[in-house]
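A.B. asks: Okay, here's what each chain looks like letter by letter:
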Amino acid sequence: MTVPAASGVAIGDSVTPFSRTVTQEQIGAYADASGDHNPIHLDPEFARSVGLPGTIAHGLLEMGILADAIAAWAGGNANLLSLSCRFSKPLLPGDTIICTGTVVSVDDAGVATLEVGASSDRGDRVLTNGRATVRLSR
Amino acid sequence: MPDRSHIGRRYSAPGQRIAPDSAGAMARAIAGADEVREAGAVPPTYAAVYCLGPTLAQLFSDPEVGIDLAGLIHGEQSFEWPTPVHPGDVIDATAEITSIDTKRGMTFVRLAMEATRPADQAVVCRATSLMIVRALA
Chain R
155 MTVPAASGVA IGDSVTPFSR TVTQEQIGAY ADASGDHNPI HLDPEFARSV
205 GLPGTIAHGL LEMGILADAI AAWAGGNANL LSLSCRFSKP LLPGDTIICT
255 GTVVSVDDAG VATLEVGASS DRGDRVLTNG RATVRLSR
Chain W
1333 MPDRSHIGRR YSAPGQRIAP DSAGAMARAI AGADEVREAG AVPPTYAAVY
1383 CLGPTLAQLF SDPEVGIDLA GLIHGEQSFE WPTPVHPGDV IDATAEITSI
1433 DTKRGMTFVR LAMEATRPAD QAVVCRATSL MIVRALA
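Chains as they are written, first to last, in this note's numbering: chain R, 155 to 292; chain W, 1333 to 1469.
If we strip away everything but chain W, and leave its shape as in the complex, we get (with noise of 0.2 Å):
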């Protein structure tokens, strides 16, 4: 289980490329049956994959951590885009665990994210996420 000896760890996740199918594919499945909005642009919450996504995956792989996924809940997440990201751009991702708590048998874990684009420095991303840990029966 986390605990409080995992604050400060950070994943990392370089060189993720927007490919423009894959912002495509997540326009059409935020719109559903409806059209969607703005073709060809990357829909904001696209960070899910290229900054959360990739970070995320490390922290729940992370055996020293110790999260069980079937017990996992996203409890909040925010966002911040100083800069639109396109397709093609390619981004560095970083996440950071912030704090640990545990109360009523739920253990919950913030994250910060930063994404950025090295092509010209710009942040495209920061994002704070609280992953939830329900212990099972």
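One chain only, chain R, in its complex shape (with noise of 0.2 Å):
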């Protein structure tokens, strides 16, 4: 993995374009791997029952496609020094979500600060506010 280099980085570019549809079943995964096993997530009756269309995504489950987007841009985990986000609208199974992040700022220890965000192919804004700061190479 290639980590980009402070010198090549400029406010204003983007991390690379990221998608990917979560299932039911990815949904299913990420309860038992995380041990969230809320039914909001798993029982499409009772998550109906608490006004919701549907079982929904767990947040944390976005949140972890975000950060693999950012790493994947960063070249590495290690890298992602940082991420916060709101969780704005829920992913239903069977949506793509699409990652997005911004460069705002480098400062001169090499840390880039993105902005940083998620949306469904439905076109909700599912994680806003996003921020994100990562280690370049010197």
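Just so you know, these hints were derived from the structure itself, not from any lab. Since no wrong hints were added, every one of them can be taken at face value.
Partner residues are not named here, just some residues of chain R that face chain W (Cβ under 7 Å, in silico):
1) Y184
2) S188
3) G189
4) I219
5) A226
6) A232
7) S238
As the structure is a prediction and not an experimental result, all values here were calculated from the model. All residues carry an ideal CB built from backbone N, CA and C; glycine is no exception.
Hints are included, so try docking the two chains, each in its own frame, into the full complex.
C.D. replies: Quick look at the structure:
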């Protein structure tokens, strides 16, 4: 994996386009892997009973995919120093999540700050107010 | 229901071992139908397992706070990873309720977490979570 060089990254640069379709099977695998078996993620009837359109993906699964997108651009997980976001809209099984990121600053230590986010292919902005910091190579 | 008297409550989950199988299962779950991008590495958001999961489980089962899980929504999340973790690491996690506000029938519970690796005293994750408890009709 190549780590982008600080000298080659400019304000306004974008993270490599990244999308992934999230299935109910994947949400189930994430429930097992994370230990979060809240029925809003697994049981459509229960999810509807609490006002949701059906089961929804875990916010942290979406955030994990966003982290994957940024780390892929940054040349590895270890270069992702921080990530934050708001879980604004639910991602539903069958939706494709589309992750984006734009460099907003690069400091003297070679750390880039990015505005990041994700939307669904239905046009919902699922992850908003996102920020990430990434270590670049010197 | 959570109220402001619960601010400052702390939850502690020492000795969280990062099992390679468990970290790999999360990497595969995040990858879905795609290939795992970095095989053998611990995904950054695996902090959900060694930091959030074991401390939030204590919050959610704290009878004094009384959170109704059926109305619970994860509103916001932040992570900082000062030092990467590796399979086999043992991590101590703590969480503290830092604020509780009620607006429009919803209760906003903010927490700050920290995860450290006692073997080298490294802070491996700092996190904040916003949990929203909706009053269900």
